[in-house]
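Knowing the structure of chain A, use the given hints to seat chain B on it.
The listed protein sequences correspond, in order, to chains A and B. Counting along the first sequence from 1, when you hit position 99 you're at 99 in our numbering, and nothing is skipped either side. Counting along the second sequence from 1, when you hit position 84 you're at 84 in our numbering, and nothing is skipped either side.
Simulated from the structure, these hints should not be mistaken for laboratory data. Note that beta-carbon positions come from the ideal geometry of N, C-alpha and C, so glycine has one too. A few of these clues could be false.
DSS-like mimics (lysine-lysine), calculated; alpha carbons at most 27 Å apart, straight line [as the list claims (entries may be wrong)]: (1) K35(B) <-> K189(A); (2) K8(A) <-> K29(B); (3) K106(B) <-> K126(A).
Chain A is nowhere near these chain B residues, computed Cβ spacing over 10 Å in every case [said to hold, decoys possible]: (4) L84; (5) V105; (6) K106.
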Amino acid sequence: MNKTSTLKTESSFLKGLKDGIPVALGYIPISLACGIATSKAGLSFFMSQFMSMLIYSGAGQAAATNLIRGGETAIVMYALTLFVTNCRYILLSMSLAQRLDPSMNSLQRTMIGIFNTDEVFGVAMKEKGDIKASYFFGLATLPYIAFAFGNALGSFTTDLLPASLSSALGIMIYAMFIAIIIPPAKESKPILIVLLVALALSIVLECIPVVKSHLTPGWIVIICAVTTASICAVIFPVEYEEKKEEL
Amino acid sequence: MSAQHLIYISLAMCAVMVIMRTAPMLFMKNKVKNKFLQSFLAYIPCAVLTSMAFPEVFSSTSNIWSASAGALAAIALAYFNQGLIVVTLSSTAVVFIVEQLMNLVK
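Next comes chain A alone, as it looks inside the complex (with noise of 0.2 Å):
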């Protein structure tokens, strides 16, 4: 590798690093929240960050939690849980292996795959022409271990923190999603028509009782997006292949 390329892929790294803060302090008050979920379920401070740190995911975290206060034992019921709560991830995944550098082996593409978060996968997005892995790597990086920190911090003091501020942080991860969301929707009429019958949808869905009562919040935005996507892709295709010859 001559030294171009080695700067490039440093610089790459770091472009991610600095990507990833926003995320990262995104996920402290969700990792703390689950940190003190779980250890209000009763469990201990190491077994609160062993099952943080491998569930990588505030929802599966939450809905693990629930089961553990439900005093549930079926493992089957742990996995199906979070298999139905988390399905999107199967969407965001395939979404993001269209992104990614073709030259990226397998391996570095699991890893992709282990660390494809919801926000890091959005701001992944924002990139421009593929998506390097040194990029994503460093984008990932900081999100994690601020997961783990935040949950450890939250087992740790359960409930030290001052209720105003909690409140607060609670809106940060919503701030990031409209942050990810509001540019590109200004600039592409499709996207936007994208935005808003998501918006609608998603809106009604959660006021009509018979849907709420039924299905679990991750079953309305799989069905939510999945809708939405689907009517745009038939009402404005998009024209990849010119794009590509473009760059």
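The following block gives chain B in isolation, referenced to the frame of chain A:
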């Protein structure tokens, strides 16, 4: 529940998670040719993020007013192309300030 059982649960959940996240990476190495699927995958991120953000953002803090103020601040700043850090921290600050003000009024 025994610690051993909790370890098994964690491992099982970890396995499901890893399979869900990595299988598409490994089995979809070739770029998709199908136009519908291409478009679908291009629109999925925005659709997923939007449906996760709304309407949940309005119930993400201790009351709907502070949450709405925070959401509006985030939308406005994002509209004017502010970065992730600015948007998230400002929105959090707005929620905090609004809640403090509401406490004062009470």
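Status of each hint after checking the structure:
Note on K35(B) and K189(A): the hinted pairing holds, with a Cα-Cα distance of about 18 Å set against a maximum of 27 Å. Between K8(A) and K29(B) the CA atoms are separated by roughly 24 Å; this keeps the pair inside 27 Å, and the hint holds. About 43 Å separates the Cα atoms of K106(B) and K126(A), which puts this hinted pair outside 27 Å; it is violated. The beta carbon of L84(B) is not kept farther than 10 Å from every beta carbon of chain A, the shortest such distance being approximately 4 Å.
Even its closest Cβ contact with chain A, about 15 Å, leaves V105(B) beyond 10 Å, as expected for a residue assigned away from the interface. Listed as outside the interface, K106(B) is consistent with that label: its C-beta sits roughly 13 Å from the nearest C-beta of chain A, beyond the 10 Å cut-off.
In summary, the numbered hints that this structure violates are 3, 4.
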